[in-house]
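Undergrad: Sequence:
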Amino acid sequence: MGATKWSTAFGAAGLVLVAVTASAAAQGQPPHVRAAGRAVLTNTDNGRTVAAGVGGDIEVRLTHYRDRGVTYVWDAPETGDRAVLRRASDTTTPSGDATAVFRTAAGGVATVSAQLRCVPDLGSVCPLIVVPWKVTIEAK
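Sequential numbering from 18 applies to the sequence shown in this note's numbering.
By construction, these hints were calculated from the structure, which means they are not laboratory data. Note that the structure is a prediction, hence the values are computed from the model and not measured. One should not assume that every hint holds.
DEER-style ranges, computed between Cβ atoms [said to hold, decoys possible]:
hint: 1; residue 1: S141; residue 2: G97; range: 29 to 37 Å
hint: 2; residue 1: N63; residue 2: S141; range: 23 to 31 Å
hint: 3; residue 1: V147; residue 2: V71; range: 26 to 34 Å
Where a beta carbon is used, it is the ideal one built from N, C-alpha and C, also for glycine.
With the sequences and hints as input, model every part of the structure.
TA: Below, the structure is given as structure tokens:
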């Protein structure tokens with residue numbers, strides 16, 4: 018009875034794993050480019066290269082974080098080539114988040130970049146550091 022119970026549990030877990038893997042493979046594209054011509058980029062995409070179709074949107078969502086009495090906040094994302102990527106909108110929040118939407122206007126390669134900087138709470142001191150964030154967009 019015990020061996021049958023474990024065998025059934027492992028078999029069910031295997032079926033779930035196969036279903037999840039098959040579903041991801043069937044979609045064929047990474048989650049960043051799956052949604053109707055819009056690629057969504059976040060803090061963790063730093064250093065990536067992303068393919069985008071001309072006429073599509075690149076949405077950047079950068080979120081602040083707090084650590085030991087300081088808040089790390091984002092500047093508004095910028096494009097390195099306005100002929101390839103045109104800014105449609107950008108927003109920064111008082112808490113330190115930054116968002117922007119860029120439209121791919123022409124084929125080519127452009128970067129989107131932002132900087133993370135420290136804002137200390139009263140009585141705290143920031144480290145002397147600015148952290149760059151950059152993604153390369155290949156528009157085709």
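Undergrad: Work down the list of hints and note, for each, if the structure agrees.
TA: Status of the hints after comparison with the structure:
1. S141 / G97: 29 to 37 Å: Taking Cβ atoms as reference, S141 and G97 lie about 33 Å apart, which means the hint holds.
2. N63 / S141: 23 to 31 Å: holds (25 Å)
3. V147 / V71: 26 to 34 Å: holds (33 Å)
Of the numbered hints listed earlier, not one is contradicted by the structure.
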